[in-house]
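Number of protein chains: 2
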Amino acid sequence: MIQIGIVGYGNLGKGTEIAVAQAPDMELAAVFTRREPETVKILTPDVPVVHVRDIERWKDRVDVLILCGGSATDLPVQTPRYARLFNVIDSFDTHAKIPEHFANVDAAAKETGHIGMISVGWDPGLFSLNRVYANAILPDGTDYTFWGKGVSQGHSDAVRRIAGVKNAKQYTIPVEAALEAVRSGQNPALSTKDKHLRECFVVLEDGADAALVEKQIKEMPNYFADYNTVVHFIDEEEFMQNHSGMAHGGFVFRSGRTGVNKENNHIIEYRIKLDSNPEFTTSVLVAYARAVQRMYSEGQSGCKTVLDVPPAYLCTQSDEELRTRFL
Amino acid sequence: MIQIGIVGYGNLGKGTEIAVAQAPDMELAAVFTRREPETVKILTPDVPVVHVRDIERWKDRVDVLILCGGSATDLPVQTPRYARLFNVIDSFDTHAKIPEHFANVDAAAKETGHIGMISVGWDPGLFSLNRVYANAILPDGTDYTFWGKGVSQGHSDAVRRIAGVKNAKQYTIPVEAALEAVRSGQNPALSTKDKHLRECFVVLEDGADAALVEKQIKEMPNYFADYNTVVHFIDEEEFMQNHSGMAHGGFVFRSGRTGVNKENNHIIEYRIKLDSNPEFTTSVLVAYARAVQRMYSEGQSGCKTVLDVPPAYLCTQSDEELRTRFL
Chain A
1 MIQIGIVGYG NLGKGTEIAV AQAPDMELAA VFTRREPETV KILTPDVPVV
51 HVRDIERWKD RVDVLILCGG SATDLPVQTP RYARLFNVID SFDTHAKIPE
101 HFANVDAAAK ETGHIGMISV GWDPGLFSLN RVYANAILPD GTDYTFWGKG
151 VSQGHSDAVR RIAGVKNAKQ YTIPVEAALE AVRSGQNPAL STKDKHLREC
201 FVVLEDGADA ALVEKQIKEM PNYFADYNTV VHFIDEEEFM QNHSGMAHGG
251 FVFRSGRTGV NKENNHIIEY RIKLDSNPEF TTSVLVAYAR AVQRMYSEGQ
301 SGCKTVLDVP PAYLCTQSDE ELRTRFL
Chain B
1001 MIQIGIVGYG NLGKGTEIAV AQAPDMELAA VFTRREPETV KILTPDVPVV
1051 HVRDIERWKD RVDVLILCGG SATDLPVQTP RYARLFNVID SFDTHAKIPE
1101 HFANVDAAAK ETGHIGMISV GWDPGLFSLN RVYANAILPD GTDYTFWGKG
1151 VSQGHSDAVR RIAGVKNAKQ YTIPVEAALE AVRSGQNPAL STKDKHLREC
1201 FVVLEDGADA ALVEKQIKEM PNYFADYNTV VHFIDEEEFM QNHSGMAHGG
1251 FVFRSGRTGV NKENNHIIEY RIKLDSNPEF TTSVLVAYAR AVQRMYSEGQ
1301 SGCKTVLDVP PAYLCTQSDE ELRTRFL
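First to last, the sequence lines map onto chains A and B. Per the numbering used here, the first sequence starts with residue 1, numbered consecutively. Per the numbering used here, the second sequence starts with residue 1001, numbered consecutively.
Please keep in mind that the hints were generated in silico from the structure rather than gathered at the bench. Just so we're clear, the structure is a prediction, and the values are computed from it rather than from any experiment. Don't take every hint at face value.
Calculated pairs, PhoX-like style, for lysine-lysine (alpha carbon to alpha carbon, straight line, at most 25 Å) [to be verified]:
id: 1; chain 1: A; residue 1: K149; chain 2: B; residue 2: K1166
id: 2; chain 1: A; residue 1: K110; chain 2: A; residue 2: K59
id: 3; chain 1: B; residue 1: K1193; chain 2: B; residue 2: K1215
id: 4; chain 1: A; residue 1: K262; chain 2: B; residue 2: K1014
id: 5; chain 1: A; residue 1: K14; chain 2: A; residue 2: K59
id: 6; chain 1: B; residue 1: K1149; chain 2: B; residue 2: K1215
id: 7; chain 1: B; residue 1: K1218; chain 2: B; residue 2: K1193
id: 8; chain 1: A; residue 1: K193; chain 2: A; residue 2: K215
id: 9; chain 1: B; residue 1: K1149; chain 2: B; residue 2: K1193
id: 10; chain 1: B; residue 1: K1059; chain 2: A; residue 2: K262
id: 11; chain 1: A; residue 1: K41; chain 2: A; residue 2: K14
id: 12; chain 1: A; residue 1: K41; chain 2: B; residue 2: K1262
id: 13; chain 1: B; residue 1: K1215; chain 2: B; residue 2: K1166
id: 14; chain 1: B; residue 1: K1014; chain 2: B; residue 2: K1149
id: 15; chain 1: B; residue 1: K1059; chain 2: B; residue 2: K1014
id: 16; chain 1: A; residue 1: K149; chain 2: A; residue 2: K14
id: 17; chain 1: A; residue 1: K262; chain 2: B; residue 2: K1041
id: 18; chain 1: A; residue 1: K14; chain 2: B; residue 2: K1262
A few chain B residues that face chain A, going by a derived Cβ cut-off under 10 Å, partial list only [to be verified]:
id: 19; residue: A1021
id: 20; residue: I1118
id: 21; residue: L1126
id: 22; residue: Y1133
id: 23; residue: A1136
id: 24; residue: S1244
id: 25; residue: A1247
id: 26; residue: S1283
id: 27; residue: V1284
id: 28; residue: L1307
id: 29; residue: D1308
id: 30; residue: A1312
id: 31; residue: C1315
id: 32; residue: T1324
id: 33; residue: L1327
Cβ atoms here follow ideal geometry from the backbone N, Cα and C, with glycine treated the same way.
Next comes chain A alone, as it looks inside the complex:
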């Protein structure tokens, strides 16, 4: 059994715990937290919750440590730090900082011969895989990534910072006509704002001016000004009932040409529609944790991404069974 450790017990930590319970070849060894351990209630009976300051004592009892912190401040520190002690995997998702994070984790992991796998999830992660496969197969073509329908945390925060706003959620929604134009092979030139609508659900403070709030949202530079933005004002009860979910999704397309005169067009479309963003992300993390263990047992070390992993390494089945069932 692969012994799994979880660092951080928020939505991702809990999702990881659920995914590990679904994996017949894995066992949860411990959950590590910065909080007082006795205040953290986990789902799995008899699994210790341990303060992160004591994590080094678990060096020989954990095969793969799944890091469930945030990309802004947790992972840039945690992933290199723990890669010196454990095989680790994270879902670092600040695209622009991936090369820097890679270099830090690579150096740390190689010091002690561990594997540090980074940026595992759906974007980066499964969407990256699909971009790479499709570009390799159709070198002459155009890529399109659409996000949603799902909550954008950054845009929701921006709305919540407006005076008079008590609570808010912002959904990024793919524009149906843009999806259809891509699917039909028209190869349209589309900016991010051509591809997405922004829909806001806002609860106002007592006495706030709805018209003014709406104007401030719609005119907010970078976040909303260039977009087709829809604002709905709702009461707190409706907000709690209908806008607490964590659904998300998105699309990756490549439209590419082949033929002597490039006369043939081909469309590859990859789509995900998720009821729970954190539970899906951690399902990806857990499958790749299996690959981390296999690559480590082969003697590999250093920083890895989904692009380095043979698909068979994600699976519990033997290579022979995979060929028979899935090929």
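We have chain A; now place chain B onto it with these hints.
Chain B in isolation, oriented as in the chain A frame:
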């Protein structure tokens, strides 16, 4: 430059030639044929067309040999035979016989330390990849594969064998309502016939009885009797004009559950829509030929499939560039 050899110059051979011309890191070394070489006109100037009986002389001038024969009789013989002399890759697509083909190619390739990669294309191939990734990520779920819209060679042949039929094409078409039921997360139980319509375009011989031909098609066991089948009678001119294309496509879905009480459903959908089935298939073959060369240069040998190949190996770009551009 990776030196590529092509064996067989039909639709797949020609598609491979076009895809190699799009690859900046590859050169076409030779085309091998069973026909008299001077009767085979290829697209690329100054590339020799060579009779297959002389193929052994090219042992040191070809890095990867792409086998463009058929799965019924060519590849079961050719792939093991040439895997003793070259690194080879094929698009063997008889799903039920893959284990046997794998064993034969594995033994042959290992004799001389070559790589023999089999069943590369879209199904088997990209669809297999998607089934494996999605099953690894969502272990509790249901798979759905839909084919089409595209021509089924076997069903077209079956119609052509009916007395009075001069020419025929049969299109396999996914049932839109079935696609929607899967996409919406209903997890329907669907047989192959629930998922596909069969549409036939038939040119009759002079004096043939259309009603009788239609009845024979619709009642043909295994091929049509269980399906919703539509038959159109058209003249030869319309047939040539509208039914000579090689478009194809299909869908792979996985619908899977996560959560403490399996309360969250997730849908992964992979779709391809191809103007030219052979040109797309050979684009996949050429990308994987690049991986064959890389795996061979690392000292690997034996039979491989798409499940064994890290995605980065398909690409011309460095790992660093891939991380920056695609991750």
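Here's how the hints hold up against the structure:
1. For the proposed pair K149 of chain A and K1166 of chain B, the alpha carbon gap of about 51 Å is over 25 Å, so the pair is violated.
2. Our distance criterion of 25 Å between C-alpha atoms is met by K110 of chain A and K59 of chain A, whose separation comes to about 16 Å.
3. The straight-line distance between the Cα atoms of K1193 of chain B and K1215 of chain B is roughly 19 Å, inside the 25 Å bound, and the hint therefore holds.
4. A hinted pair counts as satisfied when its Cα atoms are at most 25 Å apart, and K262 of chain A with K1014 of chain B qualifies at roughly 14 Å.
5. For the given pair, K14 of chain A sits about 22 Å from K59 of chain A by alpha-carbon distance, which is consistent with the 25 Å threshold.
6. Between K1149 of chain B and K1215 of chain B, the direct Cα distance comes to roughly 23 Å. Compliance with the 25 Å bound is thereby established for this hinted pair.
7. Taken as a hint, the K1218 of chain B and K1193 of chain B pair is honoured in the structure, with Cα atoms around 13 Å apart against an allowance of 25 Å.
8. Proximity of K193 of chain A to K215 of chain A is assessed by CA-CA distance (about 18 Å); at most 25 Å being required, the pair is judged to hold.
9. Restraint check for K1149 of chain B and K1193 of chain B: the C-alpha separation of about 14 Å stays at or below 25 Å, so the hint holds.
10. Distance check on the hinted pair: K1059 of chain B and K262 of chain A sit about 33 Å apart at the alpha-carbon level, beyond 25 Å; violated.
11. The straight-line distance between the Cα atoms of K41 of chain A and K14 of chain A is roughly 10 Å, inside the 25 Å bound, and the hint therefore holds.
12. For the hint linking K41 of chain A to K1262 of chain B, the alpha-carbon distance of about 20 Å falls within 25 Å, and the restraint holds.
13. Our distance criterion of 25 Å between C-alpha atoms is met by K1215 of chain B and K1166 of chain B, whose separation comes to about 16 Å.
14. A threshold of 25 Å between alpha carbons decides the hint, and for K1014 of chain B with K1149 of chain B the separation of about 23 Å falls inside it, so the pair holds.
15. Our distance criterion of 25 Å between C-alpha atoms is met by K1059 of chain B and K1014 of chain B, whose separation comes to about 22 Å.
16. Between K149 of chain A and K14 of chain A the alpha-carbon distance is near 23 Å, which keeps this suggested pair within the 25 Å criterion.
17. With a CA separation close to 20 Å, the supplied pair K262 of chain A and K1041 of chain B stays within the 25 Å bound.
18. Of the supplied pair hints, the one linking K14 of chain A and K1262 of chain B holds, its CA atoms being roughly 14 Å apart against a limit of 25 Å.
19. With a least beta-carbon distance of about 9 Å to chain A, the hint placing A1021 of chain B at the interface is held under the 10 Å criterion.
20. A cut of 10 Å between beta carbons decides the hint on I1118 of chain B: the least distance to chain A is about 9 Å, and the hint holds.
21. Interface restraint check: L1126 of chain B against chain A, minimum CB-CB distance 7 Å, threshold 10 Å, status holds.
22. Look at Y1133 of chain B: its Cβ gets to within about 6 Å of chain A, closer than 10 Å, so that hint holds up.
23. At its closest, the beta carbon of A1136 of chain B sits 4 Å from a beta carbon of chain A; the interface hint therefore holds under the 10 Å criterion.
24. Residue-level restraint check for S1244 of chain B is violated (minimum Cβ-Cβ distance to chain A is 14 Å; threshold 10 Å).
25. With 10 Å as the threshold, the beta carbon of A1247 of chain B comes within range of chain A, its nearest partner Cβ sitting at about 9 Å, so the hint holds.
26. Satisfaction of the interface hint for S1283 of chain B is found here, the shortest Cβ-Cβ separation to chain A being roughly 5 Å, below the 10 Å cut-off.
27. Contact between V1284 of chain B and chain A, as hinted, is supported at the beta carbon level, the nearest pair being about 5 Å apart and thus within 10 Å.
28. For L1307 of chain B, the interface hint holds, since its Cβ comes within 10 Å of a Cβ in chain A; the closest pair sits about 4 Å apart.
29. The interface hint given for D1308 of chain B is met, as the beta carbon of that residue sits about 5 Å from the closest beta carbon of chain A, less than 10 Å.
30. Look at A1312 of chain B: its Cβ gets to within about 4 Å of chain A, closer than 10 Å, so that hint holds up.
31. With a least beta-carbon distance of about 5 Å to chain A, the hint placing C1315 of chain B at the interface is held under the 10 Å criterion.
32. Residue-level restraint check for T1324 of chain B holds (minimum Cβ-Cβ distance to chain A is 6 Å; threshold 10 Å).
33. At about 5 Å, the closest approach between the beta carbon of L1327 of chain B and any beta carbon in chain A falls short of 10 Å, and the interface hint on this residue holds.
Against the hints set out earlier in the document, violations occur for numbers 1, 10 and 24.
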